[in-house]
Structure formats: structure tokens, C-alpha cells
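Just so you know, the protein sequences line up as chains A and B, in that order.
According to the working numbering, the first sequence is numbered sequentially starting from 1.
According to the working numbering, the second sequence is numbered sequentially starting from 115.
Don't read these hints as lab results, they were simulated from the structure.
Possibly wrong hints are sitting among the right ones.
[Claimed, not checked] Rough simulated footprint, nothing fancy, chain A against chain B, three-plus residues with beta-carbon under 8 Å:
id, region
1, 159–173
2, 176–190
[Unchecked claim] In the DSBU-like style, the derived pairs of lysine-lysine whose C-alpha atoms are separated by at most 30 Å in a straight line are:
id, chain 1, residue 1, chain 2, residue 2
3, B, K228, A, K70
4, B, K216, A, K71
5, A, K9, B, K216
6, A, K9, B, K163
All values reported here derive from a predicted model rather than from experimental measurement.
C-beta: ideal position from N, C-alpha, C; glycine also.
The chain contents come next:
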Amino acid sequence: NAGVTQTPKFRVLKTGQSMTLLCAQDMNHEYMYWYRQDPGMGLRLIHYSVGEGTTAKGEVPDGYNVSRLKKQNFLLGLESAAPSQTSVYFCASTLWTGGVGELFFGEGSRLTVL
Amino acid sequence: AQSVAQPEDQVNVAEGNPLTVKCTYSVSGNPYLFWYVQYPNRGLQFLLKYITGDNLVKGSYGFEAEFNKSQTSFHLKKPSALVSDSALYFCAVRDIQAAGNKLTFGGGTRVLVKP
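Chain A with its partners taken away, still in its complex shape:
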């Protein structure tokens, strides 16, 4: 049982390049999330999804897009990368249990934008 898997784990981009981060979960979870982690700022929610085919904006959505075409996958895209998007990105998922389910996290994807 792999849990939550993120690919790639590391990536270096030049300003203006595009890329997609893939998150896959094998726990049949309904809810999926993308967070970014920056020193001293904790985790900030970028986008989230409450089910297949649905997405919603989080706290810091600008410069990112997401898609949830399949229940098990949640993609995070950067159309034109900027140095401010240098961060560690975490995907998480949870099963809807009346709103009290804990999040399961992936190992993270470290992105550097030069």
C-alpha cells in the first residue's frame, strides 16, 4: 500500500518554464490537497478537491492550476514558473468521515525556480 505518492521529488526550472506535479493516492480518498511549505510560514493551501472532477482555490492559488480527472490523481501545474514559486510542495488526501479525517501526506516535491 503506497499511500500518497508524489512525482517528481526534485525539479529545477528556469523562469517562465512550465511543469506539472503529479499526486497519486491508492486509499480511495475523496479529498485531495496541494500545499506549499516555506520556512517559517508553515503549510499554505494552494488548491484542493472534494471529489473527481471538482477543484477549488485555497489560500495561495495564484500562478497554479489543478485538475482532478481521476479520483486517485490530483495534478498541480505551473504554467509560467517564477522564483517566488521555489518551495517544497506537499500533496495530501483524506477520506470524508464527517469532517474529522486526518490528512495523509506525500513525501514532498522540492521545486527550484532559477
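Dock chain B against the given chain A, drawing on the hints supplied.
Then chain B, alone, in the frame of chain A:
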């Protein structure tokens, strides 16, 4: 709106001594509260949660947390710290009435347990 504050960037404690990591929260309604731990180059791992009921919640690895509604706090505690407890700890809150099961995280507290 919901928010979490972890007032200490780092906590240093000697092995065998009690460990406390502080957390205060703000929500408009009743809170769900969580603690997560992050080891170097890893994702966050769930430690414990408060939903309702007993104010003292017990979790993984000997950790516990005390919910105090009047002080809007949810401090994490361990009676006897281990060197292996050295990690980054995050408190998180969710307003019961908030849509999407969205958690808001604090800035994190780094715990260093010295032998």
C-alpha cells in the same frame, strides 16, 4: 476565518525531560485540532486530534495534547522526551463549519532533544 499560532520557533529540551510545544488557535465556531510531525525530508505524519469530548487527547509515540477552550490552546506534551523526537511539529485547526475539510497550519516549531 481560522488561524493557528505557534509562538516558539524552536524548543530545546534534554532527553528524559518533559516536552511541551505550544499552540493557540482562532476559529469562529468550534474547532477540530490536530498535531502533525515532520522528520527531515519527509512528509507530515499525523500524531493526534481533538474532535470533542475529553480535553486530554492521547496520540502516537507517547504524545498527548490538552484542549483548553477558554484559553483557545492545544498544547502538545510528552512526559519524557527522546532524542528521536527531534523534528518539526505543526499544529493545525479546522472550523467545524468550514467547507472542504480545509486545515490551517501553524508556522511550525522545531524540537531539538539533546542527549
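Given pair status - K70(A), K228(B), alpha carbons within 30 Å:
violated (46 Å)
30 Å limit on alpha-carbon distance, applied to hinted pair K216(B) and K71(A)
Given pair K216(B), K71(A) holds - Cα atoms ~18 Å apart, limit 30 Å.
Stated coverage of the region 176–190 of chain B by chain A [criterion: 3+ residues, CB within 8 Å]:
It is violated: at least three residues are needed, and the region 176–190 of chain B offers just 0 whose Cβ sits closer than 8 Å to chain A.
At least three residues with a C-beta closer than 8 Å to a C-beta of chain A: is that true for the region 159–173 of chain B?
With 4 residues in contact (Cβ-Cβ under 8 Å with chain A), the coverage given for the region 159–173 of chain B holds.
Could you grab the alpha-carbon distance between K9(A) and K216(B) and see if it respects the 30 Å cut-off?
Satisfied, since the Cα-Cα distance of roughly 24 Å is no more than 30 Å.
Pair hint K9(A) and K163(B), alpha-carbon separation not exceeding 30 Å
holds (29 Å)
In summary, the numbered hints that this structure violates are 2 and 3.
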